[in-house]
Amino acid sequence: MTELDRVVADTLTQVVSDDVHVERLLNGARASGIRYRRRRRLTIVAATALAVAAVGTAGALAAAMLPATGNMAAAPTPITDAPSAPPSVRPTATAADLTQTMTQLPALPPAADAPSALSDPAQVGRPLLIHLGLDVLPFPVRNVQYLASSDGERLYLQGKAATLTVRLSRSTTDFEPLAGTQQPVVVNGHPGKFAYDESHSGIGTLRWRVANGLWLQVSGSLDRTAALAVGNGVRLDRTYRCAVPFRLPSTPAGTRVESCTMTMYAGPARGAGLTIATGGSYVTFTTDSGYGAAIREPNETLGSRPAEVIEHPGDKGRPILEINFAPEADTMVLMTAEGSYNGSVVRELAATLQWLGGSDPATWPENPVAP
Amino acid sequence: MEFDDFVRQRGAALVRLGHLLTGDRHLGEDLTQDVLAKAFVRWKRIKADPPDPYLRRMLVNAAISRRRLASSQEVVMAEPTETPGRDDLGAEAVERDAVWRLISTLPPKQRAAVVLRYYEDLDDTAIAAMLDCSRETVRSQVKRALDALRARLAKEGSDAGSAGATRNGGKP
Numbered sequence: 001m002t003e004l005d006r007v008v009a010d011t012l013t014q015v016v017s018d019d020v021h022v023e024r025l026l027n028g029a030r031a032s033g034i035r036y037r038r039r040r041r042l043t044i045v046a047a048t049a050l051a052v053a054a055v056g057t058a059g060a061l062a063a064a065m066l067p068a069t070g071n072m073a074a075a076p077t078p079i080t081d082a083p084s085a086p087p088s089v090r091p092t093a094t095a096a097d098l099t100q101t102m103t104q105l106p107a108l109p110p111a112a113d114a115p116s117a118l119s120d121p122a123q124v125g126r127p128l129l130i131h132l133g134l135d136v137l138p139f140p141v142r143n144v145q146y147l148a149s150s151d152g153e154r155l156y157l158q159g160k161a162a163t164l165t166v167r168l169s170r171s172t173t174d175f176e177p178l179a180g181t182q183q184p185v186v187v188n189g190h191p192g193k194f195a196y197d198e199s200h201s202g203i204g205t206l207r208w209r210v211a212n213g214l215w216l217q218v219s220g221s222l223d224r225t226a227a228l229a230v231g232n233g234v235r236l237d238r239t240y241r242c243a244v245p246f247r248l249p250s251t252p253a254g255t256r257v258e259s260c261t262m263t264m265y266a267g268p269a270r271g272a273g274l275t276i277a278t279g280g281s282y283v284t285f286t287t288d289s290g291y292g293a294a295i296r297e298p299n300e301t302l303g304s305r306p307a308e309v310i311e312h313p314g315d316k317g318r319p320i321l322e323i324n325f326a327p328e329a330d331t332m333v334l335m336t337a338e339g340s341y342n343g344s345v346v347r348e349l350a351a352t353l354q355w356l357g358g359s360d361p362a363t364w365p366e367n368p369v370a371p
Numbered sequence: 001m002e003f004d005d006f007v008r009q010r011g012a013a014l015v016r017l018g019h020l021l022t023g024d025r026h027l028g029e030d031l032t033q034d035v036l037a038k039a040f041v042r043w044k045r046i047k048a049d050p051p052d053p054y055l056r057r058m059l060v061n062a063a064i065s066r067r068r069l070a071s072s073q074e075v076v077m078a079e080p081t082e083t084p085g086r087d088d089l090g091a092e093a094v095e096r097d098a099v100w101r102l103i104s105t106l107p108p109k110q111r112a113a114v115v116l117r118y119y120e121d122l123d124d125t126a127i128a129a130m131l132d133c134s135r136e137t138v139r140s141q142v143k144r145a146l147d148a149l150r151a152r153l154a155k156e157g158s159d160a161g162s163a164g165a166t167r168n169g170g171k172p
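As given, the protein sequences belong to chains A and B, one line each in that order.
For the first sequence, the working numbering begins at 1 and goes up steadily by one.
For the second sequence, the working numbering begins at 1 and goes up steadily by one.
Be a bit skeptical, because a hint or two may be false.
To be verified - Per label pair, the in silico range of CB-to-CB distance:
1. B:R139 to A:S304: 49 to 59 angstroms
2. A:R235 to B:K44: 26 to 36 angstroms
3. B:T125 to A:S359: 54 to 64 angstroms
4. B:D52 to A:G343: 29 to 39 angstroms
5. B:D49 to A:S344: 24 to 34 angstroms
6. A:V345 to B:R139: 38 to 48 angstroms
7. B:C133 to A:G343: 22 to 32 angstroms
What the hints assert, rightly or not - Result set (DSS-like, lysine-lysine): computed pairs, CA atoms no more than 30 angstroms apart in a straight line:
8. B:K109 to B:K47
9. B:K38 to A:K193
10. B:K109 to B:K155
11. A:K160 to B:K38
12. B:K155 to B:K143
13. B:K109 to B:K143
14. A:K193 to A:K160
15. A:K193 to B:K44
16. B:K38 to B:K109
Claimed, not checked - Stretch by stretch, here's where chain A covers chain B in the computed footprint (C-beta under 8 angstroms, at least three residues):
17. 17–30
18. 95–101
Read the hints as simulated data drawn from the structure, not as lab findings.
Yeah, the Cβ is synthetic: ideal placement off N, Cα and C, and Gly gets one too.
Please work from the sequences and hints to get the whole structure.
Written out as structure tokens, the structure reads:
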């Protein structure tokens, strides 16, 4: 080691400080991560809403040219011979429709004979079942998203100027941290904690554990009173299905469902998501319906549907395969394959996907990967 | 390892690395938090392998990208040095201050290579994997960085000597 080597090494070692506030770093990273994830989701919505505006003129032209299509936006590529793609005439949401609000949670399909989370806490973590309910919405909401995964369940509400997240899980690992000043509270007779973080525009977080060991958390722009009102209105005595408007009849052996999401708007727009895993490969299906989706540059045909297929480097340089196609007008399926996927298998999933469509989740399958 | 456990164990070390890569403690902390936030979203995938090398690589890449972006929009300055009078500092502290200031002005990849070698104590192969380049490139980056530091330190020493000589009535 030369003298300069020693000087550089000493300098770098002595310049850095040991005074790092790790809990603040952890809370900040978790909060940013949650916002980052939410932004990614909202970006899809916003991009699609912009696409509505972009194709508005073409849509109007198409509506004039095509009889009986109402105000349905025209997809740039005609969809022909699409399997399981019934002709659909539905109103298309405009960007303004995405800002309509609702004051009640949309109805979910009940899961017949499935035990509730209160009677069997082990049911929480099954991706096709939702046990989380809310008696009263704390504010008018623009969209509602349910998520069920092996980590637990989440209900996310977005209003004009407020958001609320309710979580249910067998552990608190994926919960937002209890940031800010904390105080003990009682929620529905169960001891809990309320934390209020003034540094993030006033985020209140209420966490409690119910008698059978399940954890619940309410987090959002809430003070103590509002958080307790929401907390006291959480229902765990009903069980619903998380359902998606498609079926995957040709999944490889050993495929399991990792997570399921349902997103509902006050207007006609809606979305769903399903992540399946086979060994080390993961494929996420996201569907967006009712607000004017379109394939930009189809470069393959999968199951007689024009599809846009892109492969690009992802985490650690490992490839990510994206396949987008429109199973019917005004609807888009976005597939993302990660991990040790086989491109042919993913293409086969796209080609054989049976689109069911419609707007009633009760008509969608109990298990979308069942043969 | 769960996300919280990882941050509690390795968060401070990542912030220190971020500080050295950006030249500014607060920027380093912000950058580390951004990187951890992105990792949080994908933690299930990341934790399948030892997460530390991956997070360090994310941090190095983020620091290099930030410097590249900043270079077209702002003048990147070394962290403002707290500058008590030279007479108040020992010679070693003065030297450290000067070296740190010069390291802070190195081009981003050279600086990352220097930090990874002299602070993280990584060998050329590990640095090459982290910077996504060959070992030869790593050696060349470090050599160029050291050459620049040596030349600038010599110049500063010479300038200081001249100034000192002037203040001392021309005596060395």
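Each hint, compared with the structure:
{"no.": "1", "hint": "B:R139 to A:S304: 49 to 59 angstroms", "in the structure": "holds, 55 angstroms"}
{"no.": "2", "hint": "A:R235 to B:K44: 26 to 36 angstroms", "in the structure": "holds, 29 angstroms"}
{"no.": "3", "hint": "B:T125 to A:S359: 54 to 64 angstroms", "in the structure": "holds, 57 angstroms"}
{"no.": "4", "hint": "B:D52 to A:G343: 29 to 39 angstroms", "in the structure": "holds, 31 angstroms"}
{"no.": "5", "hint": "B:D49 to A:S344: 24 to 34 angstroms", "in the structure": "holds, 26 angstroms"}
{"no.": "6", "hint": "A:V345 to B:R139: 38 to 48 angstroms", "in the structure": "holds, 43 angstroms"}
{"no.": "7", "hint": "B:C133 to A:G343: 22 to 32 angstroms", "in the structure": "holds, 29 angstroms"}
{"no.": "8", "hint": "B:K109 to B:K47", "in the structure": "holds, 27 angstroms"}
{"no.": "9", "hint": "B:K38 to A:K193", "in the structure": "holds, 28 angstroms"}
{"no.": "10", "hint": "B:K109 to B:K155", "in the structure": "holds, 23 angstroms"}
{"no.": "11", "hint": "A:K160 to B:K38", "in the structure": "holds, 26 angstroms"}
{"no.": "12", "hint": "B:K155 to B:K143", "in the structure": "holds, 18 angstroms"}
{"no.": "13", "hint": "B:K109 to B:K143", "in the structure": "holds, 12 angstroms"}
{"no.": "14", "hint": "A:K193 to A:K160", "in the structure": "holds, 27 angstroms"}
{"no.": "15", "hint": "A:K193 to B:K44", "in the structure": "holds, 28 angstroms"}
{"no.": "16", "hint": "B:K38 to B:K109", "in the structure": "holds, 22 angstroms"}
{"no.": "17", "hint": "17–30", "in the structure": "holds (count 4)"}
{"no.": "18", "hint": "95–101", "in the structure": "holds (count 4)"}
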